[in-house]
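Asks: With the hints as extra help, turn the sequences into a complete structure.
Given next are the chains, with one letter for each unit.
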Amino acid sequence: MNHSTTPPTEGTPVVLVLVDHHDGVVRSPTWEALTAARDLGEVHAVWLGRGLDTDALAEYGVAVVHRVDAHGRGAAGPDGYDDGGEDGDGDGVGDVATPEEPLPAAVAHALADVAGRCGADTVLLTSTPTTREVAALVAHRLEAGLVVDATAVHRGPEGHVVAATEAFGSTWAALVEVVRDRAVVALRPYSVAPVPVGTARPVEVRQHRTDVPAGRAVPRVVWRTPGPATRPELATADVVVAGGRGTEGDFALVEELADLLGGTVGATGVATHEGWIGREATIGQSGVTVAPRLYVGVGVSGAVHHRVGMEAARTIVAVNSDPDAPIFEIADVGVVGDLFTVLPQLNAEIRRLRA
Amino acid sequence: MRIVVCVKHVPDPQSDRGFTAEGRVERDPDEGTLNEPDEYAIEAAAALAGPDGEVVVLTMGPPQSRDAVRRGLQRGAHRAVVVTDPALEGSDAFSTATVLAAAVRRIGQDGPVDLVLTGVSSLDGVTAVLPTLLAAELDVAHLGLAADVEVDADDVRVRRDADGRSQVLAAPLPAVVSVTDRANQPRYPDVAGIVGARSKPLTTWSLADLDVDPRRVGRAGARTRVLRAAARGSRDRVLLTDDGTAGTRLATYLLENGLIR
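Heads up: the sequence lines are chains A and B, in that order.
Residue 213 in the numbering used here sits at position 213 of the first sequence, and the numbers go up by one each step.
Residue 5 in the numbering used here sits at position 5 of the second sequence, and the numbers go up by one each step.
Some hints could be false.
Claimed, not checked - For each label pair, taking beta carbons as the anchor points, the in silico distance ranges come out as: (1) B:Ala220 with A:Asp324: 36 to 44 Å; (2) A:Val205 with B:Arg187: 51 to 59 Å; (3) A:Leu353 with B:Thr241: 18 to 26 Å; (4) B:Gly196 with A:His22: 46 to 54 Å; (5) A:Thr12 with B:Thr204: 45 to 53 Å.
Stated by the list, open to error - Far from chain A by the CB rule (all over 10 Å, computed), these chain B residues: (6) Pro62; (7) Tyr188; (8) Val191; (9) Ala192; (10) Arg215; (11) Arg223.
Unchecked claim - Counterexamples of contact, computed for chain A against chain B with all Cβ distances above 12 Å: (12) Pro13; (13) Leu52; (14) Thr54; (15) Ala58; (16) Asp149; (17) Arg182; (18) Thr225; (19) Arg314; (20) Ile316.
If you're looking for bench data, these hints aren't it; they were derived computationally from the structure.
Backbone N, C-alpha and C define an ideal beta-carbon position, used for all residues, glycine too.
Replies: Structure follows, in structure tokens:
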């Protein structure tokens with residue numbers, strides 16, 4: 001194990017980026033974070049678990065990748081989750097900070113450890129419900145400033161991190177400066193254009209082991225949805241058509257419109273809770289954040305738990321029979337009407353105009 | 001069971017919200033309401049406490065914040081605590097967590113606190129980091145995005161729905177749990193609840209009543225500052241009411257504006 005703390009070139013700050021990957025494939029918002037990181041200093045990446053791809057990281061200017069094995073079991077209990085697997089096989093026992101089982105407290109512990117060892121003054125992550133928790137815990141441990149859902153980041157004249165954010169349902173844009181010497185920033189996906197470097201240089205790999213303390217502050221995983229952790233293509237979709245309570249379980253028109261527009265079908269928490277569509281289609285607080293070029297809400301009321309997951313869409317179209325539905329406050333184009341009348345007509349007219 | 005529910009008094013999301021020239025959040029003292037996500041936390045607390053337990057509703061904010069805890073008392077909480085102090089103005093999430101943790105510890109002096117419940121986020125900040133920071137300050141687990149909460153002997157267990165999947169997480173008590181709107185259906189206060197709330201104890205604490213370093217909180221303690229803020233140009237909105245042709249008109253609009261090809 002290499003615990004080298006070789007300092008970066010004198011005066012060059014180190015920026016640490018948490019790589020979001022599954023099965024060794026890096027998810028695209030990480031390229032955005034690495035691109036943004038290059039403006040802040042020497043780029044170091046943290047890779048949890050297996051499947052390290054240094055070539056891909058080199059293309060985005062990573063100088064050092066820290067590969068981390070995080071061991072721990074969380075607080076013990078009488079029914080500890082134990083399927084008898086070995087440490088290192090990513091089954092949630094032993095490995096407590098893998099992409100398959102990203103326990104925020106454990107990931108934060110690993111990230112803060114590496115930040116300390118490599119002297120990073122900034123930690124960058126892609127914003128998701130889980131990583132926002134990670135970001136808060138890392139900032140707490142490093143006594144750093146925290147910016148959540150930043151859309152851009154750079155250094156101010158005195159070297160402090162400055163981030164652009166949006167507030168009040170994206171109706172205001174604010175520029176925020178971190179006044180502490182260290183910063184943790186969670187970047188909103190699809191805000192920064194990913195740009196590879198011209199010439200990829202070899203990446204230095206450093207191995208780390210971190211032991212997550214088995215204290216009461218780390219929850220233990222008792223059960224999880226079986227199967228691999230997959231982020232649906234929804235998160236990267238250019239066009240999203242979402243169905244809500246108004247569909248009353250009939251997603252046929254939603255799917256038809258999505259097909260016509262070359263888009264992906266999404267849903268509100270209500271729809272997935274009712275079982276009308278799989279949970280992986282959830283857009284919002286408990287699910288995926290989307291930032292498509294076009295979002296169409298069909299029978300979606302626009303309650304806050306859904307809205308926070310889609311209000312960054314460039315253009316928002318909504319069809320709802322309730323003129324007081326909150327979605328009309330953020331929709332660029334709103335249609336008050338019965339979706340079972342409006343959508344068939346819409347779909348037919350799209351076909352006709354294209355023919 | 002003794003449960004503390006942390007709530008927040010927020011500007012009405014339907015009202016005009018914005019920043020002042022100095023980069024502070026504009027707060028109209030007359031407009032404000034209980035943060036809606038907190039209603040689910042109050043309801044969860046009342047259900048978990050049952051007839052023998054006690055629910056204490058806690059908030060930190062300007063004086064008008066007591067409106068938020070009053071609503072908690074109307075919805076089943078037994079006692080309320082308001083932490084208010086001019087020195088707290090401008091506090092960020094870290095300072096807020098520090099103060100709330102100190103208040104929880106002080107509440108715990110009357111008898112151990114088993115659980116701290118919160119909503120998942122506040123409608124003004126929407127960063128959703130406070131529950132995590134509060135747990136860190138109390139050095140206990142945070143079980144977030146909980147759609148289901150169960151307490152069993154000395155353990156709490158939640159179903160956490162995040163990133164499109166579910167986990168069941170467990171931790172020993174005491175712990176912090178933030179509940180989503182999928183957790184329950186909050187009760188509306190009935191007449192008995194509203195009248196009864198008036199005689200329930202409401203305590204007010206200032207910073208001097210808590211063991212908190214004043215330099216760590218308020219504007220001076222904030223880790224970030226707003227350099228500038230501007231309202232984004234309001235989008236030109238189009239609203240159609242269907243007269244039997246809206247579907248057709250919508251298709252034309254989408255095509256003409258290059259939104260579909």
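Asks: Compare the structure with each hint and give your call.
Replies: Results for each hint:
At roughly 43 Å, the beta-carbon separation of B:Ala220 and A:Asp324 lies within the given 36 to 44 Å, and the hint holds. Roughly 56 Å separates the CB atoms of A:Val205 and B:Arg187, a value that falls within the hinted 51 to 59 Å. For A:Leu353 and B:Thr241, the Cβ-Cβ distance of about 22 Å falls inside the hinted range of 18 to 26 Å, so the restraint holds. A beta carbon spacing of about 52 Å between B:Gly196 and A:His22 agrees with the range 46 to 54 Å that was offered as a hint.
Separation of A:Thr12 from B:Thr204 is about 51 Å and conforms to the stated range, judged on CB atoms against 45 to 53 Å. Residue-level check passed: B:Pro62 sits 19 Å from the nearest beta carbon of chain A, beyond 10 Å. Non-interface call for B:Tyr188 relative to chain A: holds, since the shortest CB-CB distance, roughly 17 Å, exceeds 10 Å. Every CB of chain A lies more than 10 Å from the CB of B:Val191, the least distance being 27 Å, so the non-interface label holds.
Residue-level check passed: B:Ala192 sits 29 Å from the nearest beta carbon of chain A, beyond 10 Å. Look at B:Arg215: its CB is around 14 Å from the nearest CB on chain A, clear of 10 Å, so calling it non-interface holds up. Distance check for B:Arg223 against chain A: the nearest CB is about 4 Å away, which does not clear 10 Å, and the non-interface claim fails. Against chain B, the non-interface label of A:Pro13 holds: every CB pair exceeds 12 Å, the least being about 18 Å.
Consistency note on A:Leu52: stated as away from chain B, and its beta-carbon is indeed over 12 Å from all of that chain's, at 22 Å minimum. A:Thr54, annotated as away from the interface, keeps every beta carbon of chain B farther than 12 Å; the closest lies near 26 Å. With a minimum CB-CB distance of about 28 Å to chain B, A:Ala58 clears the 12 Å threshold, and the non-interface call stands. Look at A:Asp149: its CB is around 7 Å from the nearest CB on chain B, not clear of 12 Å, so calling it non-interface is violated.
The beta carbon of A:Arg182 is not kept farther than 12 Å from every beta carbon of chain B, the shortest such distance being approximately 9 Å. Not every C-beta of chain B lies more than 12 Å from that of A:Thr225, the closest at about 4 Å, which undercuts listing it as non-interface. Not every CB of chain B lies more than 12 Å from the CB of A:Arg314, the least distance being 9 Å, so the non-interface label is violated. Not every Cβ of chain B is farther than 12 Å from the Cβ of A:Ile316; the closest lies at roughly 9 Å, contradicting the non-interface assignment.
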